[in-house]
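K.L.:
The lines below spell out each chain.
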Amino acid sequence: GNSVTQMEGPVTLSEEAFLTINCTYTATGYPSLFWYVQYPGEGLQLLLKATKADDKGSNKGFEATYRKETTSFHLEKGSVQVSDSAVYFCALNSGGSNYKLTFGKGTLLTVNP
Amino acid sequence: ETGVTQSPTHLIKTRGQQVTLRCSSQSGHNTVSWYQQALGQGPQFIFQYYREEENGRGNFPPRFSGLQFPNYSSELNVNALELDDSALYLCASSSGLADRYNEQFFGPGTRLTVL
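Just so you know, the protein sequences line up as chains Z and P, in that order.
Here this note's numbering is used: the first residue of the first sequence is 1, the next is one more, and so on.
Here this note's numbering is used: the first residue of the second sequence is 1, the next is one more, and so on.
Simulated from the structure, these hints should not be mistaken for laboratory data.
What you are looking at is a predicted structure, and each value in this text was computed from that prediction instead of being measured.
Check each hint, because a few of them may be wrong.
Unchecked claim - Computed cross-link-like contacts, SDA-like style, restricted to lysine to any residue with a CA-CA straight-line distance of at most 25 Å:
#1 Lys49(Z) x Glu103(P)
#2 Lys49(Z) x Asn55(P)
#3 Lys105(Z) x Ser86(P)
#4 Lys77(Z) x Thr110(Z)
#5 Lys49(Z) x Ser27(P)
#6 Lys49(Z) x Gly28(P)
#7 Lys13(P) x Gly41(Z)
#8 Lys60(Z) x Gln26(P)
#9 Lys105(Z) x Leu39(P)
#10 Lys52(Z) x Gln44(P)
#11 Lys49(Z) x Pro108(P)
#12 Lys105(Z) x Gln6(P)
#13 Lys49(Z) x Lys13(P)
#14 Lys49(Z) x Ser95(P)
#15 Lys52(Z) x Phe105(P)
#16 Lys60(Z) x Phe105(P)
#17 Lys49(Z) x Thr2(P)
#18 Lys49(Z) x His29(P)
#19 Lys49(Z) x Asn30(P)
#20 Lys105(Z) x Thr2(P)
#21 Lys49(Z) x Phe105(P)
#22 Lys49(Z) x Arg57(P)
#23 Lys105(Z) x Glu82(P)
#24 Lys105(Z) x Gly56(P)
#25 Lys60(Z) x Glu103(P)
#26 Lys13(P) x Glu42(Z)
#27 Lys60(Z) x Gly3(P)
#28 Lys52(Z) x Arg111(P)
#29 Lys105(Z) x Arg57(P)
To be verified - Pulled from the structure, derived: some chain Z residues nowhere near chain P, Cβ distances all over 12 Å:
#30 Leu13
#31 Glu42
#32 Ser79
C-beta atoms are modelled at their ideal positions from N, C-alpha and C, and glycine is treated no differently.
Based on the provided sequences and hints, a complete structural model is requested.
P.N.:
Structural data, given as structure tokens:
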């Protein structure tokens, strides 16, 4: 079955530091890949997505590239801000009849001023 | 455009009771999915409704059931509550099944505590 493995957290960084959160996946076929963000007390928001190999998703300074050869979709940001503190979830959607999302366990990011 | 809304925000029940959670999908969306997010875990797919029919189910027992109404709003019902049912329940809506690239828009969730 499908699965997503994320880097264990928590991750604590200083403002303006470089961020990488690793994500690898196992899936049949050609999944679409997503990063979602969950701020404290809120639901999930889509951060970025990539739908085929070598696609790069980007949003709000965050980037992730769909690497089929390494089955990875690592999240990066060059300079984090305090407002980026949240839980980040990697997810995949492998199609089929109901297009359910399969999520990783999440990585808590705390950015200190 | 109104986003996905869920009610109630918080709920406390005791073991063995039944609970109904509600979700209003985003305008123009006909597909609703429900997820359970246990503390410190990623969301787990419960089931999906498309045009009032169940369209796929995750690894959850039959005491988890649902409905979708003609206006595409949805309910999640859980019978015979167990302590492990304590979680954040998320509803997500999307504009249809035909495109697996369709974004699922999530509501803020209902926090269920079972004592």
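K.L.:
Take the hints in turn and mark each one as holding or not.
P.N.:
These are the hints, each one checked on the structure:
Of the pairs offered as hints, the one joining Lys49(Z) and Glu103(P) holds, with about 9 Å between alpha carbons and a cut-off of 25 Å not exceeded. A threshold of 25 Å between alpha carbons decides the hint, and for Lys49(Z) with Asn55(P) the separation of about 24 Å falls inside it, so the pair holds. Between Lys105(Z) and Ser86(P), the direct Cα distance comes to roughly 17 Å. Compliance with the 25 Å bound is thereby established for this hinted pair. Taking the CA atoms of Lys77(Z) and Thr110(Z), the gap is near 14 Å; set against the 25 Å cutoff, the hint holds.
The suggested pairing of Lys49(Z) with Ser27(P) holds, with an alpha-carbon distance near 22 Å, which does not exceed 25 Å. For the suggested pair Lys49(Z) and Gly28(P), the alpha carbons sit about 22 Å apart, so the restraint of at most 25 Å is met. Between Lys13(P) and Gly41(Z) the alpha-carbon distance is near 20 Å, which keeps this suggested pair within the 25 Å criterion. Pair hint Lys60(Z) plus Gln26(P) holds up; C-alpha atoms about 24 Å apart against a cutoff of 25 Å.
In summary, the hint linking Lys105(Z) to Leu39(P) is supported, as the alpha carbons are separated by about 10 Å, within the 25 Å threshold. At roughly 24 Å between alpha-carbon atoms, Lys52(Z) and Gln44(P) fall within 25 Å of each other, so this suggested pair holds. A C-alpha spacing of about 21 Å is found between Lys49(Z) and Pro108(P), which places the hinted pair at or below 25 Å, so the restraint holds. A C-alpha spacing of about 23 Å is found between Lys105(Z) and Gln6(P), which places the hinted pair at or below 25 Å, so the restraint holds.
For a cut-off of 25 Å, the pair hint linking Lys49(Z) to Lys13(P) is broken: about 37 Å separates their Cα positions. The hinted pair formed by Lys49(Z) and Ser95(P) meets the criterion: a straight-line CA distance of about 17 Å does not exceed 25 Å. With a C-alpha separation of about 21 Å, the suggested pairing of Lys52(Z) with Phe105(P) holds against the 25 Å cut-off. For the hint pairing Lys60(Z) with Phe105(P), the CA-to-CA distance comes to about 18 Å; that is within 25 Å, so the pair holds.
The hinted pair formed by Lys49(Z) and Thr2(P) meets the criterion: a straight-line CA distance of about 23 Å does not exceed 25 Å. Our distance criterion of 25 Å between C-alpha atoms is met by Lys49(Z) and His29(P), whose separation comes to about 20 Å. Distance hint between Lys49(Z) and Asn30(P) is fulfilled; the C-alpha atoms sit about 22 Å from each other, no more than 25 Å. The suggested pairing of Lys105(Z) with Thr2(P) is violated, with an alpha-carbon distance near 29 Å, which exceeds 25 Å.
Restraint check for Lys49(Z) and Phe105(P): satisfied, since their Cα atoms lie roughly 13 Å apart, inside the 25 Å limit. With a C-alpha separation of about 24 Å, the suggested pairing of Lys49(Z) with Arg57(P) holds against the 25 Å cut-off. For the hint linking Lys105(Z) to Glu82(P), the alpha-carbon distance of about 22 Å falls within 25 Å, and the restraint holds. For the proposed pair Lys105(Z) and Gly56(P), the alpha carbon gap of about 22 Å is at most 25 Å, so the pair holds.
Between Lys60(Z) and Glu103(P) the CA atoms are separated by roughly 17 Å; this keeps the pair inside 25 Å, and the hint holds. In summary, the hint linking Lys13(P) to Glu42(Z) is supported, as the alpha carbons are separated by about 22 Å, within the 25 Å threshold. Simply put, Lys60(Z) and Gly3(P) have alpha-carbon atoms about 21 Å apart, close enough for the 25 Å limit, and the pair holds. Proposed proximity of Lys52(Z) and Arg111(P) is contradicted: the alpha carbons are some 35 Å apart, above 25 Å.
As the CA atoms of Lys105(Z) and Arg57(P) are separated by approximately 20 Å, the hinted pair is consistent with the 25 Å bound. Taking the minimum C-beta to C-beta distance to chain P, about 20 Å, the non-interface status of Leu13(Z) holds against the 12 Å cut. Here Glu42(Z) does not stay apart from chain P, with its beta-carbon only about 6 Å from theirs, under the 12 Å limit. Its beta-carbon lying about 26 Å from the closest one in chain P, Ser79(Z) satisfies the requirement of being farther than 12 Å from that chain.
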